[in-house]
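Undergrad: Sequence lines, in order, name chains X, B, V, C, U and L. Letter by letter, the first sequence follows residues 17 to 260 of the numbering used here. Letter by letter, the second sequence follows residues 17 to 260 of the numbering used here. Letter by letter, the third sequence follows residues 17 to 260 of the numbering used here. Letter by letter, the fourth sequence follows residues 17 to 260 of the numbering used here. Letter by letter, the fifth sequence follows residues 17 to 260 of the numbering used here. Letter by letter, the sixth sequence follows residues 17 to 260 of the numbering used here.
In short, the hints are calculated from the structure, not lab data. Misleading hints may appear alongside valid ones.
[Claimed, not checked] Partial list, computed: chain X residues near chain L (C-beta under 10 angstroms):
1) A41
2) S121
3) Y147
[To be verified] Quick look at which bits of chain C chain V covers, simulated, 3 or more residues with Cβ under 8 angstroms:
4) 88–100
5) 136–150
6) 185–195
7) 213–223
8) 235–245
9) 248–257
[Claimed, not checked] Every beta carbon over 10 angstroms from chain B, so not counted as near; a handful from chain X, in silico:
10) E66
11) V71
12) S155
Even for Gly, the Cβ is constructed at its ideal location relative to N, Cα and C.
Chain by chain, the residues:
Protein chains: 6
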Amino acid sequence: MKVQVINPNTSQSMTASIGRAARAAAGPDTQVIACCPDDGPESIEGHFDEAIAAVGVLEEVRKGVAAGYDAHIIACFGDPGLLAARELARGPVIGIAEAAFHVASLLCTRFAVVTTLTRTRIIAEHLLRNYGMAEHCTSVRCVDIAVLELETLGDDALVERIAEQALQARDHEGAGAIVLGCGGMADLPARVSERVGLPVIDGVAAAVKLAQVLVEMGLGTSKHGDLAYPLAKRFSGRFGHFGG
Amino acid sequence: MKVQVINPNTSQSMTASIGRAARAAAGPDTQVIACCPDDGPESIEGHFDEAIAAVGVLEEVRKGVAAGYDAHIIACFGDPGLLAARELARGPVIGIAEAAFHVASLLCTRFAVVTTLTRTRIIAEHLLRNYGMAEHCTSVRCVDIAVLELETLGDDALVERIAEQALQARDHEGAGAIVLGCGGMADLPARVSERVGLPVIDGVAAAVKLAQVLVEMGLGTSKHGDLAYPLAKRFSGRFGHFGG
Amino acid sequence: MKVQVINPNTSQSMTASIGRAARAAAGPDTQVIACCPDDGPESIEGHFDEAIAAVGVLEEVRKGVAAGYDAHIIACFGDPGLLAARELARGPVIGIAEAAFHVASLLCTRFAVVTTLTRTRIIAEHLLRNYGMAEHCTSVRCVDIAVLELETLGDDALVERIAEQALQARDHEGAGAIVLGCGGMADLPARVSERVGLPVIDGVAAAVKLAQVLVEMGLGTSKHGDLAYPLAKRFSGRFGHFGG
Amino acid sequence: MKVQVINPNTSQSMTASIGRAARAAAGPDTQVIACCPDDGPESIEGHFDEAIAAVGVLEEVRKGVAAGYDAHIIACFGDPGLLAARELARGPVIGIAEAAFHVASLLCTRFAVVTTLTRTRIIAEHLLRNYGMAEHCTSVRCVDIAVLELETLGDDALVERIAEQALQARDHEGAGAIVLGCGGMADLPARVSERVGLPVIDGVAAAVKLAQVLVEMGLGTSKHGDLAYPLAKRFSGRFGHFGG
Amino acid sequence: MKVQVINPNTSQSMTASIGRAARAAAGPDTQVIACCPDDGPESIEGHFDEAIAAVGVLEEVRKGVAAGYDAHIIACFGDPGLLAARELARGPVIGIAEAAFHVASLLCTRFAVVTTLTRTRIIAEHLLRNYGMAEHCTSVRCVDIAVLELETLGDDALVERIAEQALQARDHEGAGAIVLGCGGMADLPARVSERVGLPVIDGVAAAVKLAQVLVEMGLGTSKHGDLAYPLAKRFSGRFGHFGG
Amino acid sequence: MKVQVINPNTSQSMTASIGRAARAAAGPDTQVIACCPDDGPESIEGHFDEAIAAVGVLEEVRKGVAAGYDAHIIACFGDPGLLAARELARGPVIGIAEAAFHVASLLCTRFAVVTTLTRTRIIAEHLLRNYGMAEHCTSVRCVDIAVLELETLGDDALVERIAEQALQARDHEGAGAIVLGCGGMADLPARVSERVGLPVIDGVAAAVKLAQVLVEMGLGTSKHGDLAYPLAKRFSGRFGHFGG
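If we strip away everything but chain X, and leave its shape as in the complex, we get (with noise of 0.2 angstroms):
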């Protein structure tokens, strides 16, 4: 099975962390292709870094269904661009983000989101209502540290930031578990688990285990509908090549 993991900005360092984590999570029977758009915002952090982002995605996961992948990750919180992606493609195409709240759900009745920046904070609220999960989430809390600075901040001391946040919301709003609102915090879960003595749920790992899953299952994206393949059309300029 060949899983194609896209990490929606450019961050090079951020691809190859996500991509540790996807084949961490993959296990050995899996080919996990990380990759990321050539195109785009080297950090996504706001609705307009999300909505540039999205072509780049759109674009990485038509040539993963060219390259015949199985099933497509989309590595930011924020899902961007996930139901324009499952138009392109057969095979299932899984956010972070959902992966992560769906699998938390099914350890408990109350979940908390530990995110990056409290203007984010916006986004992660919007998803949980889109995807029924707002009743399952007690807070989307924020370490207000910019996604690049993740990298630079250490773990030991993001680690600590995070479970801050974390251990608030087990200990004042009943939390049973933590969802870790961010690609880039993905090689964390464990210690932060440590920490705070709650299941941690990464969404990177969350993704890729349930896109096996469908693929297991001979799953994938419904096309009939609203996320049947893109009505062909023509497209102009730097989008042509999305005509048909």
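Could you slot chains B, V, C, U and L onto chain X? The hints should help.
TA: The following block gives chains B, V, C, U and L in isolation, referenced to the frame of chain X:
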């Protein structure tokens, strides 16, 4: 006052028709600048088309901000790129779906939407949910005519097809007003209204009027929180010009 | 165009102040007729005051319809008598709470409301739910000043009290705009906005502008269904003149 | 115990019929005082009728409080003036719609409402939402008979018309009980129940019984918060007697 | 009238205390039969305890139906086995949580719940959602005392602990009434009410009164649809006697 | 890895069939232990059957935990005893309804459920609400075949009956995938899918795969909060062995 009206698809004739409707709504003291992206799909009929078109919308908003326009309209019924566009502008940014929904909710307790393709119904339903308008809408109905065929069909036949759905909504669901769910229907509200005996709202006119209202009130997009200007960062490749 | 602005309480000074705000918003080409009921409470601070004031609102709308006014504003933040008033009129009828909520939702993803008394918070919360705006509001906050004391307190002190709540909503709840929750605050949006750095919406101005928009678009209250003119019937006693 | 049953319209025959149903429900140890306002509409079939009738309800509640009655019933299916009336009384105030919904939800997982006019369906739907009962109701169905024609139609024909709708709800929507949606149907629950084989709830009886329960438990309207007695203030004109 | 009051746990002293409260509520003309299962947990403090206790509840309801009792009360705040028990009986079956919520919603616009353990808060929250009462509740608060320690603590201390939470809900959340969230608090409503100045509802009394109301109205569980008698089938082992 | 698959009813043939489906899904490296309770109903077709069956489920989970199984599946579409079972186990506990819903929501924007009896539709609807999946489901449809007749009917006829409902959901409601709503349909997804041209999800396979995923990720039920091990206490009678 200068109001930029962006047709998110690349159809020149639809841009012209939207521009006419916008100018008719705006009145003589407001300059309407109708435009469409250089790059993108010639019609928008699904999640994928929307995601690509959103980039064109953002390019146009960016140009419009640089040109000092006072407000920006996204004239496709899925409101593609709306929150992202708001990050780019201090002036108001209004989608025609949200404008039509808000206006309709001031005229009746329940309205219906008549749009083009069954395939895109989910897009309108998601917007109704996201804007808090789901309970105010009896149904989203479709005439099942492709966007680019709206013009070739001819207004008479199109009015008839829309009226057929509108009358169903009026007589069987209690809809008190009709929202036209496509920028390509911007010329038709008066004729449909005469035919079905209900207020009929075209989102292009509604959005232009709401934009004028906000500008005249001295109100613009909140620059505090998630709609503040995008954080400066490196963008690569085709999107390099977005970096800062 | 003639827009009737109805202060539902009987305070002459508040009627005058609301009229000033309405005229400032309406501009020179629209005639604003500010009025208040002859009969009813001098301020509205609860469900009971609202229910009585609604009759005065309906009497005024009736007079306004007879006088040929084009639109009708209900200038109390509970929108008393709104749906009933819509039955009486073919022109638009707009409440200042609904107008403010709709406008605020175009400027930010989450707004806060600052109103007068804790006692009336539930009224605003019910309206937010009824209009589909509950998810778009972070909280309804109260300065705990009686409506008639708003004037005696003085604008400086009042702005300070409002700003105190608004800053809490901005900094701790992520509110991106502030809705002023009382017709008696209609003079203050600019000063509060300057103080807190957010868009601030006064419902009186918002309602007048929305009414103008609807009239200019040729739109009025749907006369099909539950907002059709009241069924003719006998009314007895003090309300005999409502019969037909 | 003395329970005041207020018919919000001015129809004497309907007041008598409601009083009969109330007395039958109340039993011998409770005195039922059936009354209706001196002033107001002779039937209630829309938002406007409701708003005017609410004043009459409040006048009657005020008299009833002065007379020392223990509880107050609002016997029109829209529960007009309910929260306002609660401000006036320390004893319980119960609307027949809310009473019927609560009782029905104890008997089945989904009930249906059969009311008079299609025009007023929205009123019942709003109440279902406001009381948290929307999910427990399969539909609000209408026999499309004017309130005052209920009497002239004759019970046989009326039972048949109600049963027709009730059977549709039972067989096609899975409704397990039927709520009669009009004070003018208070004599019919037994006959409709026999006809459709489901529990049938009349709100007048339900409200009287719930009021007795609350009084016997020593419970009354909370006088803390938004249902405390109205704040003393000046009322002018026809409503001057409400001031204090 | 004979009302069966089932304490779902096996504590004899709690059964006695619940019986006392039920008899006080029921009055002299109703016979209260207080009972508890032979088999099951001695207190109910979680989902597991509830699931086991539900069987005991069903056994008791079955005996109660055979004995010709007119109504059945499930006197544990999680309402364990409620829908299942309704299948067994033609008479009404009422849970004390649902009874308390319905009664509270007739007295105020927002109530609070004070229950025993933080661990069981989710059970009350799920019920509020299931019954449509979530919006009517400000919060579920816990005194963090184990059910069986309620008795040893002594009423004075217990009232104080409950009042502490109730006052927080009253003063900081606007709660207008308090629901006691445990059958073991059935003796306390008067004392807590005196202490906090709000109506206080004990579910045992509320359920008994509602059951009487339904029986007196000739209403019982709908035997059409999902609450019809269980389909006859083979049960094996310890549960063989349930087969038919 | 050892996964315990619990058929909550006592039918040996259904246990065998569920075991086959589970093994087919689990693959060679996972040992599937299919079992059913000794005591309980031979099929589950209502709230009562569910409540009794839940005890059998808990007994089996308890044995499974003692035997060191890594995960536990509840293979009846009502997920009986799910939260209670989670209290007993550190490993994951998955219901087949929740598994199927989660998987379906990854493949389409709206799915439909086809289950056995109209009587049990409410159970699926309650689960959809409880899991946050109601908006993602177009309808719950029933073939109206008793659970134990599924086998005697024969697969051909059963596939046809399911397909009939599925095609209605696909063509009239826009369903993009079908969830099979009964453990007794676990053999059929491929045949139904071929017949209706949509992805078809069997919950048994879905639950087994999700359980494997969680175990492989090192995730289990949160032992903090309401899913912690049951508080030790005395159980009497037939349930004495649950005490501690």
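Undergrad: Give me the numbers of the hints this structure contradicts, sorted from smallest to largest.
TA: Of the numbered hints given earlier, those the structure breaks are 6, 7, 10, 11, listed in rising order.
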